[in-house]
Structures are given as structure tokens and as C-alpha cells.
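Q: Listed below are the residues making up each chain.
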Amino acid sequence: DTGVSQNPRHKITKRGQNVTFRCDPISEHNRLYWYRQTLGQGPEFLTYFQNEAQLEKSRLLSDRFSAERPKGSFSTLEIQRTEQGDSAMYLCASNPGSGAYNEQFFGPGTRLTVL
Amino acid sequence: GDSVTQMEGPVTLSEEAFLTINCTYTATGYPSLFWYVQYPGEGLQLLLKATKADDKGSNKGFEATYRKETTSFHLEKGSVQVSDSAVYFCALPNSGGSNYKLTFGKGTLLTVNP
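Heads up: the sequence lines are chains A and B, in that order. For the first sequence, position 2 matches number 2 in the numbering used here, and the numbering has no gaps at all. For the second sequence, position 105 matches number 1105 in the numbering used here, and the numbering has no gaps at all.
Hints were generated in silico from the structure; no laboratory data involved. Treat the hints with care, as some may be off.
[To be verified] Listed next, the in silico DSS-like pairs over lysine-lysine satisfying Cα-Cα at most 30 Å (straight line):
id, chain 1, residue 1, chain 2, residue 2
1, A, Lys57, B, Lys1056
2, A, Lys11, A, Lys57
3, A, Lys57, B, Lys1106
4, B, Lys1106, B, Lys1052
5, B, Lys1106, B, Lys1068
6, B, Lys1060, B, Lys1106
7, B, Lys1068, B, Lys1056
8, A, Lys57, A, Lys14
9, A, Lys57, A, Lys71
10, B, Lys1060, A, Lys57
11, B, Lys1060, A, Lys11
12, B, Lys1056, B, Lys1106
13, B, Lys1068, B, Lys1049
14, B, Lys1106, B, Lys1049
15, B, Lys1060, A, Lys14
Model, not experiment: these values are computed from the prediction.
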């Protein structure tokens, strides 16, 4: 399967703990996006990478959140000192870039539950 | 900023019924427009798209026409099936800069009963 993969698929943690999620985009896709989706809402943009450079961060991405894409391939999203409000589905997407008509290919998401 | 407004759900239909899910948008210029679908337990996948005004996107019996006069991109299907049960999202890419992040509507849950 050469689609976007995300791990883990589910994560349950206690408030105050740190969590890290991984996204493996489609190979050779140089653009990678993270979104957050809460119940009953559409996905909301968190951050964007072009190759290894993080080029934009949403105001939703508080200083407890950090994302990396060290070699321009897989990416990690870390949440420190988790809060119950962080409970959501975290989606990763990639595309080969250039052009607003290029679809983004989404992974299955990581569902985070903070107790 | 850019925004997408979708018809509130949930929508419940019987098999073979006609489906319309309304979507209107606010954006600078004339962005591409997308419909994504999320089946239970799966990630979002592109259903169809239109890249310019008056374009009609179509896939799997679904259609949507890009209407710049009414800033709309309504999704239609003439005869729905149980397998069409899913959440449908209208989306457009950011019209400023080059990152093309997507702005989504809230989603419309469709349930089709046999």
C-alpha cells in the first residue's frame, strides 16, 4: 500500500502526558500537512511542510505542539502536557505540490483521547 | 478569510433516492473546489473536484458544478446506495500564498437505508 500512513491509529493518554504521532506521506510528495478534526467539525489546518521546512503554523498550534519533518520524508507531531481539549482526530495529508488543484491525500488519522 | 458553508446534517435517505448536499463558499478570486468523503473508520478521500467556473466534477455517480455567480458547489447524486453512507466535506484551497491548505465545511453525515 503506497498511501499515507499514520501511527498509532488510536492513543489514549492521561492529562499532562506527552504524546507523539507519526505520519509517513506518499513517497516523493514534498508537501505534508497536519489537520485536526473534532467531533462534528471539518478538519482544521495545523501546519504545513515543504520538504523539511515548516512554512506555516496555524494559531491553533499552541506552544505545547511541535511538528518536525527532519529529512523531508516522515513527520512527527508532538503534544506536550496534553489537555482534555486536545482530544481529537489528527490527520496527515500529502501532495506533490504546485497548484491549487492538486488534491491532498489523507491518512486514516490518529484518534487521541485525553482522560 | 476563506470559508465554506455546508448544509447541516444529518441526512437520511432511502436507497435510490435523490441526494443534494448544498455548499457555498467565500474566497478571494476563483479557487478550485473539492468534495471529500470520509467512510466509517477511514481517512478522507477526494470524491470530485472542479478547477474553474462552470466546470462539472463527477465520480461514482456524484456530480457538482462550480457556479461562480452563486458561489456554490452543490453535490448531487440521482440514486443513492447504502454504500454511499459516509460524511461528505466541501473544501477549497487557501487563496493566498502557496501552501494551499484546505478550508473545510463542517461535513454532512449521510445515512442511506435499504
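Q: Determine for every hint whether it applies to the structure shown.
A: Taking the hints in turn, this is what the structure says about them:
Taken as a hint, the A:Lys57 and B:Lys1056 pair is broken in the structure, with Cα atoms around 33 Å apart against an allowance of 30 Å. With a CA separation close to 23 Å, the supplied pair A:Lys11 and A:Lys57 stays within the 30 Å bound. Taken as a hint, the A:Lys57 and B:Lys1106 pair is honoured in the structure, with Cα atoms around 21 Å apart against an allowance of 30 Å. Taken as a hint, the B:Lys1106 and B:Lys1052 pair is honoured in the structure, with Cα atoms around 23 Å apart against an allowance of 30 Å.
The straight-line distance between the Cα atoms of B:Lys1106 and B:Lys1068 is roughly 21 Å, inside the 30 Å bound, and the hint therefore holds. Between B:Lys1060 and B:Lys1106 the CA atoms are separated by roughly 22 Å; this keeps the pair inside 30 Å, and the hint holds. Distance check on the hinted pair: B:Lys1068 and B:Lys1056 sit about 12 Å apart at the alpha-carbon level, within 30 Å; holds. Annotation: proposed proximity of A:Lys57 to A:Lys14 holds, straight-line Cα distance about 26 Å (limit 30 Å).
For a cut-off of 30 Å, the pair hint linking A:Lys57 to A:Lys71 stands: about 19 Å separates their Cα positions. The hinted pair formed by B:Lys1060 and A:Lys57 fails the criterion: a straight-line CA distance of about 35 Å is larger than 30 Å. Note on B:Lys1060 and A:Lys11: the hinted pairing is violated, with a Cα-Cα distance of about 34 Å set against a maximum of 30 Å. Between B:Lys1056 and B:Lys1106 the CA atoms are separated by roughly 22 Å; this keeps the pair inside 30 Å, and the hint holds.
Restraint check: the Cα-Cα separation between B:Lys1068 and B:Lys1049 comes to about 14 Å, which is no more than 30 Å; the hinted pair holds. Taking the CA atoms of B:Lys1106 and B:Lys1049, the gap is near 18 Å; set against the 30 Å cutoff, the hint holds. Of the pairs offered as hints, the one joining B:Lys1060 and A:Lys14 is violated, with about 43 Å between alpha carbons and a cut-off of 30 Å exceeded.
Hint check: violations occur at hints 1, 10, 11, 15; the rest are consistent with the structure.
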